[in-house]
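Asker: Each chain is listed here by its residues.
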Amino acid sequence: MDWMYLLIVLVKAVVVVALVMAVAGYAVVGERKIASWVQERPGPNRTTVPILGSIPVVGWWLRRMGFFQLWADGAKFFFKEEPTPAHVNKLYFLVAPVVAFVPAMAALSAVPFGQYVGSDGVAVPLAITNFDVGMLFVMAVSGISVFGIIMAGWASNSKYPYFSSIRASAQLISYELTIGLALLPVFMWTGGTLDLFSIVREQGGVVGGGVFGLPKWFICIMPVSALLYLVALFAESNRLPFDMAESETDLVGGFHTEYGAFKFGLFFVGEYAHMTLAAILFSVIFLGGWSIPFVSMDAMPVGLLGAVVSVGVVFVKTVILMSFIMLVRWTLPRFRYDQVMDLGWKILLPLAVVNLAVYAVILALVEG
Amino acid sequence: MSKTEEVFSFGDAAARNAALEEEIHGDTMVLNVGPSHPATHGVLRLRLELDGETIVKCDPVIGYLHRGEEKVAENFTYNQFIPYTDRLDYIGPIHNNVTYALAVERLAGIDVPERCQAIRVICCELARLLSHFIGLGCYGMDAGALTVFMYMFTDREKIYSLMEELCGARFTTNYTRIGGLQRDIPDGWLDHVLKVCDDVEKTNELCDKLLTRNRIFYDRCVGVAPLSKEDAISYGVSGPNARASGIAMDLRKDKPYLGYENYEFNVPVGTNGDSYDRWLVRVEEVRQSVRIIRQAVTKMPGGLWYNDKATKIFRPRKDKVLSSMEELIQNFMITTEGPELPVGEAFFEAENPKGRQAFFVVSKGGGVPWRLRIHGPSFSIISALPKILPGCLVQDVPVVLGSIDFVMGDCDR
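Residue numbers (the numbering used here), protein chains in the order written: chain A, 1 to 368; chain B, 1001 to 1413.
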């Protein structure tokens, strides 16, 4: 019994990690493709593999879409020389990429990707494990990854990475606060639960009525919270316009200036894994998770089909959100470091506090 | 020994250790930006002294691209040096060709026909588009907007294709000759120019819309590294950077050459001299350049594209070389010994895309200059960096360097 349970968890973990790694990996190709479409150029379209690439139409199409590019990019990281500069602190230098990468994966263990409704009508979350403090766990664990950046910058014993790590730590502290305050109204609305599964269950159905009916998603109920959380997510996952840690025009490569080969690869994939995590979280908390607009939670398909549909819905929402995050990167210029701090402390944080107060009053009035 | 010298005297271990000690225990930190750094657009090196992230002192170190162009000029005939002028301001190379040719022609005391002048005007303005498009594009890229750079580069490629059609080379054009041009414009080229002008205008408007009123870009640039009018004059800054500082100086208006007085165009002038004004001035100059090109194309006069009176300077046409003794000898003499120029000296300055580019030619007769002095606008603006950079943050460095739009080939020569 015990080992059976362990095995199931292990299988679930492997499936989740494999899926998310695939999504994060193909996010790299997706990013390059989206960048090229924005910039009116073809993007990666040459890489091909012997057998798959020679399938008549499909192979050609996959090559043009840059499908095999990821394999080449990944293989490159394995085959390059692993440089460790002489002036670095060896231990921290080696540990840093792992610290940056692992939390993104660990945080995923508490995120529900869908639901399985059995014949008894009881919905079970499709997650590695479902905590009742799931959200708290995710926030706490994914926050650790900044230590990877700080360690990398410090251990590199070089000035540009040092700047980068200082900026990253300051930025993370500022925006963690906003994330916490932006999410509080959501938890107040759901009656104080931090369980991500219940938060999604809460979002089925419609708010308002008639032609003005909107899906009962938290983005419609509390748009300010959603906006604050989205902005903070950009900052948390180090995406432009908030990529202070690796703003390549002034800091060369930022914290990974001294890194190469697979250690750099870990940072790189870690960044995209964080972006994937951020997109999944946003769609679960604010975009209704696996709820389909105007379809009530009880009317969702049941059984295995229902499970596949619910995971598919989350996947689609995640992909759309990730595409949005990428489009923003290729459209906007970058903030200056002090402007990021100003935005965080002088605009987002007060707005989050006011937002929290407003929803607290509303909820008190509704319940009282 | 001053502190700067101490740091650079690598042979002196004691001085080096003292500098290191100073850096570890002192209040400031020294950050070396360049010569190989993405923000420096070439091989400029900045030695920044930082207090936190604020720059307190800036030492530009130049000379990494010094090729001794002025000395090279003394060993080549006037026409042979034209390819070297391509490498001065290599962002708009054809303008250097024109300026150099005009300087030597002033020494020779010859004029070129109207058609040649009009073609040269089109070339100059195309060079301005080339230069401003990479200047604006890199500026956008330095502020984090990579897409603007790509849009502008796409249109630069179209202008390069025009250059290829005109003279066979895309980049290093080598198009002018003393007393004329390498060849006449090809058939249909003017139509292509007009078409490219439309594209360029569209892209310019697009990037203007993307960035000029963008809140992030606005915040990044407004009030960053302002160069006052007085400082601009005392550092000898010219071109768009000087105009952004409020100096209404444009040699095309002030000392017209190539018949620029016959074209209608405005000179945009800034008020604050900050990075944002430098962006606005260049965006507007692109519009004015397109305007000039359109006028030049519509008014393109017929006739010869070289001075046929300057027989000892401009090489005769090939068909005449093969049929007439006199022309054959001239061709031989101009090719081997260079054009025959009088004894004397001539100074000529023109409005290069980056500012005032000047050639001072001293001749003792014959086909080789005795001395050729080149003035480049990038040198002046880089020498103003220690004045404008202190007080900025490290992250402002790329924006400021992008906004002043220098090119090291022009600075180091």
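Worth flagging that the hints you see were computed from the coordinates, not collected in a lab. Just so we're clear, the structure is a prediction, and the values are computed from it rather than from any experiment. For each residue, glycine too, the CB sits at the ideal point set by N, CA and C. Among the hints, a few may not be true.
[Claimed, not checked] Quick partial rundown of chain A residues pointing at chain B, CB under 8 Å, derived from the structure:
1) Arg41
2) Trp154
3) Lys159
4) Arg239
5) Pro241
6) Thr249
7) Ser296
8) Asp298
9) Val302
10) Gln339
Asker: Would you pick out the hints that fail for this structure and give their numbers low to high?
Answerer: 2, 4, 7, 8, 9
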